[in-house]
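Engineer: Top to bottom, those sequences are chains A and B. Heads up, the first sequence is in the working numbering, so the first residue is 1 and it goes up one at a time. Heads up, the second sequence is in the working numbering, so the first residue is 1 and it goes up one at a time.
Please keep in mind that the hints were generated in silico from the structure rather than gathered at the bench. One should not assume that every hint holds.
[Said to hold, decoys possible] Taking lysine to any residue and the SDA-like style, the derived pairs with C-alpha atoms no more than 25 Å apart in a straight line are:
no., chain 1, residue 1, chain 2, residue 2
1, A, K35, B, W269
2, A, K48, B, D258
3, B, K263, A, D57
Computed from a prediction, not measured in an experiment: that's the story for all the values here.
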Amino acid sequence: MALEKVTLGKSLTNGMRKAMDRDPKVVLIGEDIGKLGGVFRITEGLQKDFGEERVIDSPLAESGIVGTAVGMALRGYRPVCEIQFDGFVYPAFDQIVCQVAKLHARALGAVKIPMVIRIPFGGGIGSPEHHSESPEAYFAHTAGLRVVACSNPEDAHWMIQQAIECDDPVIFFEPKRRYHDRAEYDTDATSAPRGLFEANIVRPGTDVTLLGYGPVVKTMVEAAAAAEAEGTSIEVIDLRSLSPLPIDTIVESVRRTGRLVVVHEASSFLGMASEISAQVTERCFYELEAPVIRVAGANIPYPPSRMEEDFLPDLDRILDGVDRALAY
Amino acid sequence: MSARDREVEHDTHLDLLSWLLRQMIRIRRFEEKCAELYSATKIRGFLHLCIGEEAVAVGVVGALDAHDAIVSTYREHGHALARGVPMESIMAEMFGRATGCSGGRGGSMHLFDASRRFYGGNAIVAGGLPVAVGLALADHLTGDKAVTACLFGDGAFAEGEFHESANLAALWHLPVLFCCENNRYAMGTALAREHAETDLTARAAAYGMVAWSVDGMDVLAVREATDRALAYVRSSGQPCFLELRTYRFRSHSMYDPDRYRDKAEIEHWKQSDPIPALASRLVSEGLMTAAEVEEWLAEIESEVATEIDEAVAVAEAAPLEPVEDLTRFVTTAAGDPVRRTS
Ligand SMILES: Cc1ncc(C[n+]2csc(CCOP(=O)(O)OP(=O)(O)O)c2C)c(N)n1
Ligand SMILES: [Mg+2]
Chain A
1 MALEKVTLGK
11 SLTNGMRKAM
21 DRDPKVVLIG
31 EDIGKLGGVF
41 RITEGLQKDF
51 GEERVIDSPL
61 AESGIVGTAV
71 GMALRGYRPV
81 CEIQFDGFVY
91 PAFDQIVCQV
101 AKLHARALGA
111 VKIPMVIRIP
121 FGGGIGSPEH
131 HSESPEAYFA
141 HTAGLRVVAC
151 SNPEDAHWMI
161 QQAIECDDPV
171 IFFEPKRRYH
181 DRAEYDTDAT
191 SAPRGLFEAN
201 IVRPGTDVTL
211 LGYGPVVKTM
221 VEAAAAAEAE
231 GTSIEVIDLR
241 SLSPLPIDTI
251 VESVRRTGRL
261 VVVHEASSFL
271 GMASEISAQV
281 TERCFYELEA
291 PVIRVAGANI
301 PYPPSRMEED
311 FLPDLDRILD
321 GVDRALAY
Chain B
1 MSARDREVEH
11 DTHLDLLSWL
21 LRQMIRIRRF
31 EEKCAELYSA
41 TKIRGFLHLC
51 IGEEAVAVGV
61 VGALDAHDAI
71 VSTYREHGHA
81 LARGVPMESI
91 MAEMFGRATG
101 CSGGRGGSMH
111 LFDASRRFYG
121 GNAIVAGGLP
131 VAVGLALADH
141 LTGDKAVTAC
151 LFGDGAFAEG
161 EFHESANLAA
171 LWHLPVLFCC
181 ENNRYAMGTA
191 LAREHAETDL
201 TARAAAYGMV
211 AWSVDGMDVL
221 AVREATDRAL
231 AYVRSSGQPC
241 FLELRTYRFR
251 SHSMYDPDRY
261 RDKAEIEHWK
271 QSDPIPALAS
281 RLVSEGLMTA
291 AEVEEWLAEI
301 ESEVATEIDE
311 AVAVAEAAPL
321 EPVEDLTRFV
331 TTAAGDPVRR
341 TS
């Protein structure tokens, strides 16, 4: 038992370190991830300890990075690619959609693609377009990919290890504005609190289910605390897995509360909330007391940083969503 | 050559040098002011300065005709200033004001001025390269004589988009001037760690283009090479590649701790600072006495300082775009096109 207070960023570093210690086939590849430790310093110290062959600095070549990882995965390696910012993944989009996601199916299961693509995502750090986006729906839309997002240090620590151990390709979203958030947990624990593709009921409640993932989870918990003071009991669920969708946990909760508010930073138009809303409506039609409410980004390019607060779902907008759900 | 001709030539030369010097100083001081404003959190987002690389901006951009197009990168303040995008509108953009050249939405990395054929800074490394090829193809098809100058870094040279674009431009005989600002680093990655063959000029030539490498710290060398390259592109209709060997004196961005470069290396490059180099050339070429240069520099500095102060004051006073307006221009106002019946 080693209770430690660790940041989300360091939890990812430590998780990768554990995975690398356990399995020599785990290699990291990305731009400036070696000596520099990546722009967010998530791989800091790993090249020093594991060498340049396991922590590979790549030139600017996102398509090359991801495609190379596919080839290595075919030969039994477990590559972990770092994409520097959400907006820089698109040169690799072709490789992700047409190779990463497809080869297992093409070979009828004869090959596996056990690779991870880490993407810092979301806004809130005062950075502009291409550096603040939430592109998760593009990937969740693609069959053959697993898509997860961590929201807190302990999950970051475990989920990155589980993603590396997963035999399928995992798109791993990291909430960049939460990299410096700290939490205390047992860093020596030998088993994960839950599976990679399971949702987590962060805070039980009875009146409304509030669902989200990544950076907004913390805001949702704050909203629930604020609502409690006003007499509303909110159940907060951290989705964690965007694909596969842990729909049973959501349905079970909505059957109890009768109301669902889904929160994300990505545009509401065809965002994760849209799919969740459709599935919940199909399964909980008679239990729903209100339509599923979406609290999400506007359907516009990411705004300049001084307008971020108006774009991102904050406490007020989440509580407003809850009120709208309760108004029915 | 008659005495009169020689006099005209002398004056033209002096005019050119004076323009080059003034523009480099404008850019240098503008960038320094931006660094200061960024530290004071008046400028937000990211900030990539071109201090040390002014000779490239001024030498290349100054050689273009107003009708030629420019496609740039996130390190583009100097390119925009040299292009003649008013400092006021650039500074307003830095401040995120509605009067900025991108309406305050773009910020430091996304200066855009279509009226001056400045097709933008670009936060995506190499993202502008294929766009430049398309601009040139359009000019080619419409019989327009314009050249498209595309500026990008040595890091961008490693992206697939560079290689696709170089091939397309050469294959289709398009008037693109590829200007690679080789400052030896892509963020923290040194040239030899990003390229198997570091002779970028030779690699560009392999695409079937004329390619030259130029001392990017010598503004006259840059200007002359660009003049020559433009003449070649205009007369042949073929692309051309310039490798401009330069160096950034500051870190990659204001965020970057610059742990990967040797202090001695930085100091070494600072010895070839293009601004004092040009000033001393005025003396060594016998165009001015040292005292005259000194006096003249002081004059330029004071004019530039005034221009910058005014730009800052105007920017600070300018309005922000209302949040509700952010839905404007996402798509055209016209939207649904009228169905053709004939
Ligand atoms: C597609 C893409 N990948 C990664 C980045 C992150 N990034 C921004 S600038 C940069 C270095 C680019 O170096 P270079 O092209 O040499 O230009 P310089 O900064 O030296 O002017 C990197 C890696 C990006 N903006 N876009
Ligand atoms: Mg460079």
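Engineer: Are the hints correct? Go through all of them and say.
Structural biologist: Now the hints, each set against the structure:
1. K35(A) x W269(B): holds (23 Å)
2. K48(A) x D258(B): Holds: K48(A) and D258(B) sit about 18 Å apart, inside 25 Å.
3. K263(B) x D57(A): Satisfied, since the Cα-Cα distance of roughly 22 Å is no more than 25 Å.
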